[in-house]
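Protein chains: 2
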Amino acid sequence: MSNEKIPYKIYLEENELPKQWYNVRADMKKKPAPLVNPGTGKPCTAEELSHVFCDELVKQELDETTPYIDIPQEIQDFYRMFRPSPLVRAYFLEKKLGTPAKIYYKFEGNNTSGSHKLNSAIAQAYYAKKQGLKGVTTETGAGQWGTALSMACAYFGLDCNVYMVKVSYEQKPFRREVMRTYGANVTPSPSTTTEIGRKILEEFPGTNGSLGCAISEAVEAATSKEGYRYVLGSVLAQVLLHQSIIGLESKAAMDKYGIKPDIIIGCAGGGSNLGGLISPFMGEKLRGEADYRIIAVEPASCPSFTRGTYAYDFCDTGKVCPLQKMYTLGSGFMPSPNHAGGLRYHGMSAILSELYDQGLMEATSVEQTAVFEAAEMFARVEGILPAPESSHAIRTAIDEALKCKEIGEEKTILFGLTGTGYFDMYAYGAYNDGKMSDYIPTDEEIAKSLANLPKIEG
Amino acid sequence: MSNEKIPYKIYLEENELPKQWYNVRADMKKKPAPLVNPGTGKPCTAEELSHVFCDELVKQELDETTPYIDIPQEIQDFYRMFRPSPLVRAYFLEKKLGTPAKIYYKFEGNNTSGSHKLNSAIAQAYYAKKQGLKGVTTETGAGQWGTALSMACAYFGLDCNVYMVKVSYEQKPFRREVMRTYGANVTPSPSTTTEIGRKILEEFPGTNGSLGCAISEAVEAATSKEGYRYVLGSVLAQVLLHQSIIGLESKAAMDKYGIKPDIIIGCAGGGSNLGGLISPFMGEKLRGEADYRIIAVEPASCPSFTRGTYAYDFCDTGKVCPLQKMYTLGSGFMPSPNHAGGLRYHGMSAILSELYDQGLMEATSVEQTAVFEAAEMFARVEGILPAPESSHAIRTAIDEALKCKEIGEEKTILFGLTGTGYFDMYAYGAYNDGKMSDYIPTDEEIAKSLANLPKIEG
Chain A
83 MSNEKIPYKI YLEENELPKQ WYNVRADMKK KPAPLVNPGT GKPCTAEELS
133 HVFCDELVKQ ELDETTPYID IPQEIQDFYR MFRPSPLVRA YFLEKKLGTP
183 AKIYYKFEGN NTSGSHKLNS AIAQAYYAKK QGLKGVTTET GAGQWGTALS
233 MACAYFGLDC NVYMVKVSYE QKPFRREVMR TYGANVTPSP STTTEIGRKI
283 LEEFPGTNGS LGCAISEAVE AATSKEGYRY VLGSVLAQVL LHQSIIGLES
333 KAAMDKYGIK PDIIIGCAGG GSNLGGLISP FMGEKLRGEA DYRIIAVEPA
383 SCPSFTRGTY AYDFCDTGKV CPLQKMYTLG SGFMPSPNHA GGLRYHGMSA
433 ILSELYDQGL MEATSVEQTA VFEAAEMFAR VEGILPAPES SHAIRTAIDE
483 ALKCKEIGEE KTILFGLTGT GYFDMYAYGA YNDGKMSDYI PTDEEIAKSL
533 ANLPKIEG
Chain B
83 MSNEKIPYKI YLEENELPKQ WYNVRADMKK KPAPLVNPGT GKPCTAEELS
133 HVFCDELVKQ ELDETTPYID IPQEIQDFYR MFRPSPLVRA YFLEKKLGTP
183 AKIYYKFEGN NTSGSHKLNS AIAQAYYAKK QGLKGVTTET GAGQWGTALS
233 MACAYFGLDC NVYMVKVSYE QKPFRREVMR TYGANVTPSP STTTEIGRKI
283 LEEFPGTNGS LGCAISEAVE AATSKEGYRY VLGSVLAQVL LHQSIIGLES
333 KAAMDKYGIK PDIIIGCAGG GSNLGGLISP FMGEKLRGEA DYRIIAVEPA
383 SCPSFTRGTY AYDFCDTGKV CPLQKMYTLG SGFMPSPNHA GGLRYHGMSA
433 ILSELYDQGL MEATSVEQTA VFEAAEMFAR VEGILPAPES SHAIRTAIDE
483 ALKCKEIGEE KTILFGLTGT GYFDMYAYGA YNDGKMSDYI PTDEEIAKSL
533 ANLPKIEG
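For the record, the sequence lines run as chains A and B.
Going from the first sequence to the working numbering is simple: count from 1 and add 82.
Going from the second sequence to the working numbering is simple: count from 1 and add 82.
For reference, chain A alone in the conformation it holds in the complex (with noise of 0.2 angstroms):
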């Protein structure tokens, strides 16, 4: 089909959609290492991980081997409201950079969560409440993952208790006010309400906090309390699983106009939005029946694919979640201060992790001055303000885009805009009066924080 007739959205319709969410893992013959118990040093075991996780997702986070798993009806239900999500060609981009290149994104932000964390939260949420418990603890940085479950938990019924981040608490007071809207409790984390939150605010005291302290006091919150469980919204397997319906309609729109990518572009903090963008093409890579360039971005503040060790690390700062083999800054890495929004985690997705290693994608790192540059000129021109995390893959399909200009080359990009930034602000305005800045590690705090890994060979 020719481009001239590509719309400016494409929206699958109802009976196009998904049933089945795509595990990746059942196409890679080297599969991610296993989450190791850090008492026992072995890989973990369901009934270990069934404290911690809902049954039904301990299954899924075990299962290496099925390819397609069906989508609950209830959840297909959920997902009417706010899905399909526009794959847009960004004529208007395009336009403003001169470029030949081809730019479509798979938009995210449609719902009030404000980004792709929804389709993961609903999942958890369903199993938690299948299961018959009362609710569920978990963190959050930037506070989309942290709305999107408040938002599902709401739907089912289910208590909510939110970790968030202590510098996102702060500086959004308005995303927690939408959490409280649908109900969940939120606490600035580190907090006095755990006992790991008061042994990290005696050690630091005055910390900013950090997804890695959140999720400990979550993992610690949902286990000290009969009925609940513990959810995550990006890093794990099952969140991978969850988040392919992003990549399963990307290429279900793209096939039905015809269209294939060159080169596919996603944020990476923890890898749950690149993770679900990639995986049926990264399917297709795996079977030898296509080739993609696939880039992971990351925040040059944050870089765990660039700069980190592909190790057996903490998941957490408080050191009580499974070890996790992954490139990892250190569970101690904290990012600075002046980062703003979120992929701000230490780790990666084990399953990223590994493919990343196999050389099957590849990663960059920007500046968040660079990436807000990106975010300001994607507003004007194809009108939805990105957030902050989503600004990094704009940033980086800009920059493949004006390399085709300079080359006269007709790629064909697919990014992910995971989201909006309407939270987001805070950061907006530090760029808008000129008082944004960079920092970028040294290799000193990178080791120093390495330099803790635990002893496991992987």
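Read the hints as simulated data drawn from the structure, not as lab findings.
Among the hints, erroneous ones may be present.
[To be verified] Once the Cα atoms are required to be at most 20 angstroms apart in a straight line, the calculated PhoX-like pairs of lysine-lysine come out as:
#1 B/K211 / B/K307
#2 A/K211 / B/K178
#3 B/K307 / A/K178
Remember, it's a predicted structure, so these values are computed and weren't measured experimentally.
Using the hints, position chain B against chain A.
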């Protein structure tokens, strides 16, 4: 077609989108009263109006007879950025209410301005650019219109100066920051930058401001600078013309699926959304081709339809604008400071005022705690956190659906969901904290505010 097959969301195809706006005045036998020059007491001429408004917009303002007006290609292109907006079947809300009613809403919030206001902003910016102007000035209350205009001006490279009602400016720093991200200059009103602003500040020191004040300032700023014109986001006939895109798309989507609404509901401040939503339906009603119950919903704290007078009045506090015959509470009316969100204008669109006066539509008023109660319910079941303004329509739609339940009637309800509440979390916070109160102006207050109407026979 059976209702069983109606999707959750109906998106028109790009080739089904309206290419013309609809001018409901063409089908009105008795036309709205003309704008009057306060100096001469006579209908404003095009020449007089062209000092304030762009030439092409003056033409549209005065055109009472042309039923369909072409949407310029440049505006159609921009519309592709955020249109079509979805017509959503509120299956989740229906289920929650247990009503036999079928509820649909046209959702205009999926763009960064967060509301329908962008439909007219881009048209007004286009005509300003076409006329070779340097920039435009305007006022904004809740901030939706100012944001929309900032986006439109950024697109066409126009200078954009926004006078923002002081109470909103203070309550919504992030709304202001969005406008700045799109390059607009935002000034709290009343300000010392205009003569009228200084006069109002002298007379009412510590005032929270009002739309009427901000309009006066914006008009003064436009008419005292070379190459500038004033633009307005509601009330005017030209705005209702541009907003007819909402109703035209809604009707096309409903016709496509053989759906006929019994009741059409919209919130009403100045009337831009309501007028746009109902226009093609009202056209059928005026031509005797169909009948619909049409309900305007206004805040009990600013009840121009339900408690105002149909008379000529000033459109602004400073009395610098043309007079308009409309339902009004008096140009000095200021809603109580506890009033959250927009819908704070003292008057009402002349077109809607005349239609209401002819008995072609109804009006009702609702109190804000009831509005936020409806907003919260809607957010939780439909996944969209609505703007306080839009939630007035939700409140009445829910009430009508509950009446259907009571009497077992299967009515079809269409309402306008004008926008999202992401920048209204201050108000949601007050509601969440149980600190929101209602205020209904006394008869004496309204009588006092109406005592100074200009002496013009309408």
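- Are the Cα positions of A/K211 and B/K178 separated by 20 angstroms at most? holds (18 angstroms)
- Can the restraint linking B/K307 and A/K178 be considered satisfied, given a maximum Cα separation of 20 angstroms? violated (31 angstroms)
- Query: Given the hinted pair B/K211 and B/K307, is their alpha-carbon gap at most 20 angstroms?
  - Reply: Distance of about 16 angstroms is within 20 angstroms: holds.
The structure does not agree with numbered hint 3 stated previously, though it agrees with all others.
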